[in-house]
Amino acid sequence: MIFLELFWTFFKIGLFTFGGGYAMLPLIQQEVLNRNWATNEELINFVAVAESTPGPFAINMSTYVGVEQGDIFGSFCATLGVMLPSFIIILIVAKCFEKFKTNRIVAGCMTGIKPAAIGLIGAAVVSIGETVFFPAGVTAAVFGTAALWVSLGIFLVMAVLAFRKVHPILIICLSAVAGVAAGYLLDLSL
Amino acid sequence: MSEDNAVFSRPRRLWQLFSTFFRIGAFTFGGGYAMIPLIQREAVEKHHWVTDDDVLEIIAIAESTPGPIAINSATFVGYRVAGVLGSACATLGVVLPSFIIILLISGLLREFQDIRAVKYAFYGIRAGVLALVLKSLWTMYRKCKKSPVAYAAMAGAFVAAAIFDFHVLIIIIACAILGLMVSLLSERRKS
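Protein chains in written order, with this note's numbering: chain A, 1 to 190; chain B, 1 to 191.
Because the hints were derived from the structure by calculation, they are not lab data. Be careful, since some hints might not be right.
[To be verified] Chain B side only, calculated, beta carbon under 7 Å to chain A, not exhaustive:
#, residue
1, P11
2, G25
3, T65
4, G83
5, S98
6, F99
7, S106
8, K119
9, G128
10, S136
11, T139
12, F158
13, A176
14, G179
[Unchecked claim] From the derived model, a few chain B residues whose C-beta atoms are all more than 10 Å from chain A:
#, residue
15, L14
16, W15
17, R41
[As the list claims (entries may be wrong)] Only pairs whose alpha carbons sit at most 30 Å apart, straight line, appear in this in silico DSBU-like list of lysine-lysine:
#, chain 1, residue 1, chain 2, residue 2
18, A, K99, B, K143
19, A, K95, B, K46
20, A, K12, B, K143
21, A, K165, B, K143
These figures come from a predicted structure and were not determined experimentally. Ideal Cβ placement from N, Cα and C applies to all residues, glycine included.
With the hints as extra help, turn the sequences into a complete structure.
Encoded structure:
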């Protein structure tokens with residue numbers, strides 16, 4: 001039953017990601033790729049869409065995967081699943097906030113979870129890098145293709161801009177323009 | 001406040017919560033911390049629902065509870081203003097804009113994805129996204145408190161996920177247990 005599976009999958013994702021933004025990426029990647037709900041390439045494309053549309057990243061993701069797999073009701077189930085854990089937990093915390101704030105067990109767990117999230121996003125960066133630079137796998141022939149060197153060039157320029165705090169949406173627009181220009185000029189076959 | 005006001009104020013407050021968080025959801029891109037200044041302006045300065053201190057507390061709670069920061073803060077503010085129903089209204093409001101927009105966009109994406117120019121655009125965009133995620137990784141790394149345990153969890157999680165392909169949930173739970181044990185042990189040693 002796809003609706004139940006969407007709900008349950010995104011419930012898990014909502015329950016086990018701490019902190020905002022890309023913290024959710026590693027778990028989404030694993031769950032969605034394992035179920036063949038999208039390819040890594042499609043996921044990375046959609047990260048850009050989520051970044052350039054308003055609203056929380058998690059909601060954008062769940063709505064998109066949900067509608068692709070089970071139409072409107074599917075997106076409803078996935079989105080409900082991803083928001084329900086925080087909703088319930090915050091209601092509980094709001095009632096006994098003082099106790100929660102000074103809870104040694106919560107604080108202790110967080111000293112492990114926060115750095116783990118960084119390691120996991122590091123692993124996500126590696127897998128995104130593989131998909132970006134070697135979409136057909138790493139072979140010797142790949143190093144002769146213009147597609148690899150162009151995407152490497154775009155990545156380096158955008159990384160410099162990103163570290164200079166250029167707005168993400170501007171970075172996505174510039175990357176798109178660079179991709180289209182290089183694609184037609186060099187007649188890249190993707 | 002007159003008695004009439006008290007009777008009518010609850011539905012009105014619920015509507016205000018919904019519409020305010022709908023606006024917040026519709027006008028923040030990238031989500032997460034980008035939302036905090038807007039919440040501050042709307043919930044603290046305009047409606048006086050919560051104080052500046054509350055906002056700091058919300059951030060602290062959001063960091064140590066699972067889920068998107070937007071959902072966490074909407075639920076928290078909604079609860080403070082009007083109980084469980086209030087948090088439902090605020091959360092629904094913050095979610096609805098992205099939900100509607102993505103529903104509209106997903107059809108377009110499917111329709112246009114095979115056009116040559118669109119393929120080239122996304123080819124470029126994927127390289128840009130890699131840069132963005134790398135930047136966010138660096139920001140998180142700089143904000144994280146460094147300690148031997150932190151480095152161990154970071155390296156362990158990276159190796160387990162990137163090389164051994166462990167399940168992410170198992171990695172998170174293992175690192176939570178590691179953090180808990182180390183902090184309880186060091187507490188015991190102090191006392």
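Against the structure, the hints:
1. P11: violated, 21 Å
2. G25: holds, 5 Å
3. T65: holds, 5 Å
4. G83: With a closest approach of 9 Å, the G83 (chain B) hint is violated.
5. S98: holds, 3 Å
6. F99: holds, 5 Å
7. S106: Where the cut-off is 7 Å and the nearest Cβ of chain A is about 5 Å from S106 (chain B), the hint holds.
8. K119: holds, 5 Å
9. G128: holds, 3 Å
10. S136: holds, 5 Å
11. T139: Because about 9 Å separates T139 (chain B) from the closest Cβ in chain A, which is outside the 7 Å limit, the hint is violated.
12. F158: With Cβ-Cβ at 4 Å, under 7 Å, it holds.
13. A176: holds, 4 Å
14. G179: Since the shortest Cβ distance to chain A is 2 Å, the answer is holds.
15. L14: L14 (chain B) clear of chain A: closest Cβ-Cβ about 16 Å, beyond 10 Å.
16. W15: The claim holds: W15 (chain B) sits with its nearest Cβ about 19 Å from chain A, beyond 10 Å.
17. R41: At roughly 16 Å from the nearest Cβ of chain A, R41 (chain B) sits farther out than 10 Å, so the non-interface label holds.
18. A:K99 x B:K143: holds, 25 Å
19. A:K95 x B:K46: holds, 25 Å
20. A:K12 x B:K143: holds, 26 Å
21. A:K165 x B:K143: holds, 16 Å
Hints 1, 4, 11 from the earlier list are contradicted by this structure; the remaining hints agree with it.
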